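Protein chains in written order, with our numbering: chain A, 275 to 533; chain B, 275 to 533; chain C, 7 to 399; chain D, 7 to 399.
No lab work stands behind these hints, which were simulated from the structure alone.
Because the structure is a prediction, the values reported are computed rather than measured.
The C-beta atom is built at its ideal place from N, Cα and C for all residues, glycine as well.
Hints should not be assumed to be uniformly reliable.
[Claimed, not checked] Covered stretches of chain D, as calculated for chain A (at least 3 residues, CB under 8 Å):
(1) 19-33
(2) 89-98
(3) 140-146
(4) 210-221
(5) 262-270
[Unchecked claim] In silico negatives: residues of chain D with every beta carbon more than 12 Å from chain A:
(6) Lys-11
(7) Pro-59
(8) Gly-131
(9) Glu-186
(10) Ile-298
(11) Thr-389
In case you want the letters, here they are:
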Amino acid sequence: MNRIDKTFQALRAEGKKALITYVVAGDPGLKQTVDLVLAKAQAGADIVELGIPFSDPLADGAVIQAAAQRSLNRGTTIDGVFDAVRGIRTQSQVPLVFLVYYNTVLAYGREAFLGECKETGVDGLIIPDLPYEEREEMVALMDESVHLITLVAPTSEQRIEKLVRDAKGFVYCISTLGITGGGAGFFSGLEAFLAKVKSQTETPIAVGFGITKKEQVKPLLPMVDGVIMGSKIVDVIHQSQGDSAELDAFVRSIKIEFE
Amino acid sequence: MNRIDKTFQALRAEGKKALITYVVAGDPGLKQTVDLVLAKAQAGADIVELGIPFSDPLADGAVIQAAAQRSLNRGTTIDGVFDAVRGIRTQSQVPLVFLVYYNTVLAYGREAFLGECKETGVDGLIIPDLPYEEREEMVALMDESVHLITLVAPTSEQRIEKLVRDAKGFVYCISTLGITGGGAGFFSGLEAFLAKVKSQTETPIAVGFGITKKEQVKPLLPMVDGVIMGSKIVDVIHQSQGDSAELDAFVRSIKIEFE
Amino acid sequence: MNKTKFGQFGGQYVPETIMNALHELEAAYRHYQNDPEFLEEYGYYLKQYVGRPSPLYFAEGLTKRLGGAKIYLKREDLNHTGAHKINNVMGQLLLAKRMGKTKVIAETGAGQHGVATATGAALLGMECTVFMGEEDIERQALNVFRMELLGAIVEPVNSGTKTLKDATNEAIRAWIHRVEDTFYVIGSVVGPAPYPEMVRDFQKVIGEEARKQLLEAEGCLPDAIIACVGGGSNAMGIFHAFMADEAVELIGVEGAGKGIETGLHAAAIAEGKVGVLHGMKTFLLQDQQGNITPAYSVSAGLDYPGIGPEHAALHEQQRANYVSVTDDEAIDALNALCLSDGILPALESAHAIAYVMKLAPTMSADQILVVNLSGRGDKDVHTIAAYKKGELQ
Amino acid sequence: MNKTKFGQFGGQYVPETIMNALHELEAAYRHYQNDPEFLEEYGYYLKQYVGRPSPLYFAEGLTKRLGGAKIYLKREDLNHTGAHKINNVMGQLLLAKRMGKTKVIAETGAGQHGVATATGAALLGMECTVFMGEEDIERQALNVFRMELLGAIVEPVNSGTKTLKDATNEAIRAWIHRVEDTFYVIGSVVGPAPYPEMVRDFQKVIGEEARKQLLEAEGCLPDAIIACVGGGSNAMGIFHAFMADEAVELIGVEGAGKGIETGLHAAAIAEGKVGVLHGMKTFLLQDQQGNITPAYSVSAGLDYPGIGPEHAALHEQQRANYVSVTDDEAIDALNALCLSDGILPALESAHAIAYVMKLAPTMSADQILVVNLSGRGDKDVHTIAAYKKGELQ
Ligand SMILES: Cc1ncc(COP(=O)(O)O)c(C=O)c1O
Ligand SMILES: Cc1ncc(COP(=O)(O)O)c(C=O)c1O
């Protein structure tokens, strides 16, 4: 059981759902990233997704692309992100999940990357371009300390059973046909989709992609174990130039929906 | 015997050669054309070539093209040119030869054109784009009053005999490989060429195309019965804006070479 | 004496200086036109270099859209350099080579004939000069650069209307000047004999292929053949093989520019009078005084004030039918063919398509039209863009 | 499970959202790739519409100039739309149609694949959107206008380097979004399986024809095959038929841009490291952090930071040999081929010619090189002009 598992276990015990929020490491700077993650955790984020910026984030929409580009322009490195994790871990045990493109992992070296995750205290990896069919080359190297998070999409259909069979940590249910940041609105069969996923797994499920308004949150909660907010948070951070207090206020405004 | 024939007969009797000069009708204006022709005749031109301006004078170089274009821009018409001839004829019996492109004749109507030539007193026609092979359709309509002048080129070679056989008025020997205005200098075998033409015909021969300096004239005289000056005269007229006195002076300066 | 005329049309109305060169050319052409070795060499280049045979493509999209006759397109646009012009150029240049000429000159309007000549000259190692009106140089900048890449000298012509007519005058003047070592490659079925006949013969492969291809595809001859007419080489090229098939209607499409009534057009047959220009007797756009009036068409390859003498004769004999379409109609047709079949035709060829768009819907589904798609429209993209922006209107 | 890799390369590294679509595509492709009716339809369009077979032209001028091996050019430049890209597009679009898709998207760099896709989509009546980097839109304005004439929507991509790499990202994003009714037409042997294999199969006609044509012309196989490599589709297309002929050397030519040492190049095999991009594992230009570094080449069709996975495997197995030539060398080669044979190659194809210019002189007159002339250079005229003016230097 790592921090993710423990968090869901604790929430479940209280009948509560997880608020999972996203932040692009290094935007506006790695020092702020540490503060922002801490602020989020303080404000009620149950799990934090930390995006490692990549030049070609093909699962991301314009907001996250731009944030990643700003971060790269500032010279963010993978080691720098691990250092930020170390910084967070000195003050918080909030579960941390990397959103990382597969080429970043390959460039760092798979073993080395996993070693650093373990050492610095990263609990999970979301690798959007490593689908089920290709994951074996990562899974083979992993143990229980870091989870490779499974993504399930509205188009997964018959694949769902297979995908979620060994899911660890939580299942990431994609709520739209599209990339992060949405705009297209939820997939019309969302409810049935979530129910189907839920029915196939014991692992907690979380829903994300395109959740930008707090009004969207409450209706989702009965169907899932957690809700993920990404682009909107990245945007709040960007608009406030990385101000922790503003982020704190925003996260709290969302967190209310979970009470 | 028309005016051309009489002129050559008279010159021959005196052992003299003809100075033939060119002018584009209507440049700078038809009124000036009358004056300019009269001035030339006065200054010693034995025969005058009157160019009827045409839009596509493909045997002409830049100087005459430009003069023709100026004349057309002023609205010169074929009837206007005939009127100018009438004007000249009230004061002079200098032999007049039209330089006219075949389409001009066709547009006016061949019979009508020849009729007007006869009536106004034109003595010859040079039609640069009506070679031997096509001339029958004109010749069939002509009598002795107007001569269709034969052109012979350095490239005519074996054709010369055939071309000059029935030549009327004079034979126009082209001195360069090229168009009017020259620039390329005389054809290198000019002397032999002229001798060959001379040997094939009783008709007077004149040489032209590219004679621009008076120094060129004297060496040619022993070989021919006349020398034609075209572009240079057109240029003098243009430079002096059609001033008769300047033309008079220039023609006299050339005529001296003939004494 | 060789026959130099088609009925009253054609002939050799040129300055004496080039008469011998014409006779020499005529003699050489008569000699080689049936010479198996020459024809084999010509055939080799057509196949291996030009890419012949060009397909006869059943235009399913356009046919469906127009809902009448079946439309086949003879794909001259797929030839090397992008138009039918290269067929003729290869023939003339191979002839020039056999005549021992090392330099060639050409006139060009749209630039297609210039590009083709520059291309063939590069291939055969000949020196090439292309005369082009300054206005056309502007309109067809792409082709100018292509010619220069191919090692040709492009001579800007700024006399007269600064278009094809004047480029032709200038090419003839240059030929007069350099007649002894220079071959003049004329780009259409125009000029003095033997050019109209020779150019037709070097283009007749279009019709010969199309005839065979249609017989294979449909087992019958077409009801009509349609081609645009500038000088008329692509039209004669596709007409020739069907000349004896009296049931096959031959239709030439002239450029009506902004409309015949505006005077801004290139419809030499519709509006011209018989006259003499560029060495031939034919229909010409001209004023009362016999001065050639500027032709106008959005298509640089059509704005020629005359037409090949064989067309003049076919018109007089009523063997072929000449019609015209406007700039607007041609642009519409170009758009239509892009959208219906994914083919961007040359603006010239779009004139033929435009007439098809009028004709096909009046016909039945078992009738067949064959259109000569004489070239591709890449060269015209700037013109079309400007036209659409209204800059040309 | 279907085989999705070439050795360690290839695979399906894509978001879960499109995995089902890939499987659906794979199933459809497996079904139709041997379906006689499908292959007949594909063959019909290749012949009648694309204009195949393309000639295998003996380049007499270049051969003479270089004074070594005999050089043959496979004339893909004569295809409809001017490059090999249309072969693949017709295959994919006919497949899309059979799969019931009515909308297609594509990425494009040089614009050739975009034009080809827009063309095929117009022909087959499909809705088409093409993603194109803003920098490429500038460089290839002619092709943008062509696509628009063909009814396609050109979506400018302003992320990242604003070139092909980013257009591909954006096309994938769009596909994720519209996966249910949209077919993604990939333009090279790249992307997730089954694209690399499928695109190769739709291009292998090039090599099949060339092999037959050379056997007819020379009675033997070539010593080497040479092709430029952007993503690698024209190269795989001509290599494939010779794969089993071990004596035939296969040479891929990457763009060395301003020189490998300057870092401004597109030589993914020469300088790349194994990584994952656009759904495939392959050699990629990338920095220490795994971020993709911008590829650079004067040729918009070559500046792609990766290479098709089958090439990566051929490189690893040493079955094929990958070399690179600089912008300068490619431009020189383009000029040389214009002057020697009257052929204006695409800048991409000029890279293959440039390598031939180094290789042929070291070989003997009885040796043979076959070069894939993947496209024509009309589209590049502005780039070449600017380059010559030094604006790009
Ligand atoms: C594609 C194309 N079609 C037609 C023409 C008109 O010439 P012709 O009537 O001789 O075929 C041209 C002339 O440049 C052309 O480029
Ligand atoms: C003419 C031409 N050749 C080559 C290429 C490179 O692509 P590939 O390596 O897939 O053949 C392109 C790409 O646009 C192209 O247009």
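Now for the hints, and whether the structure bears them out:
no., hint, verdict
1, 19-33, "holds (count 9)"
2, 89-98, "violated (count 0)"
3, 140-146, "violated (count 0)"
4, 210-221, "violated (count 0)"
5, 262-270, "violated (count 0)"
6, Lys-11, "10 Å, violated"
7, Pro-59, "38 Å, holds"
8, Gly-131, "25 Å, holds"
9, Glu-186, "7 Å, violated"
10, Ile-298, "5 Å, violated"
11, Thr-389, "25 Å, holds"
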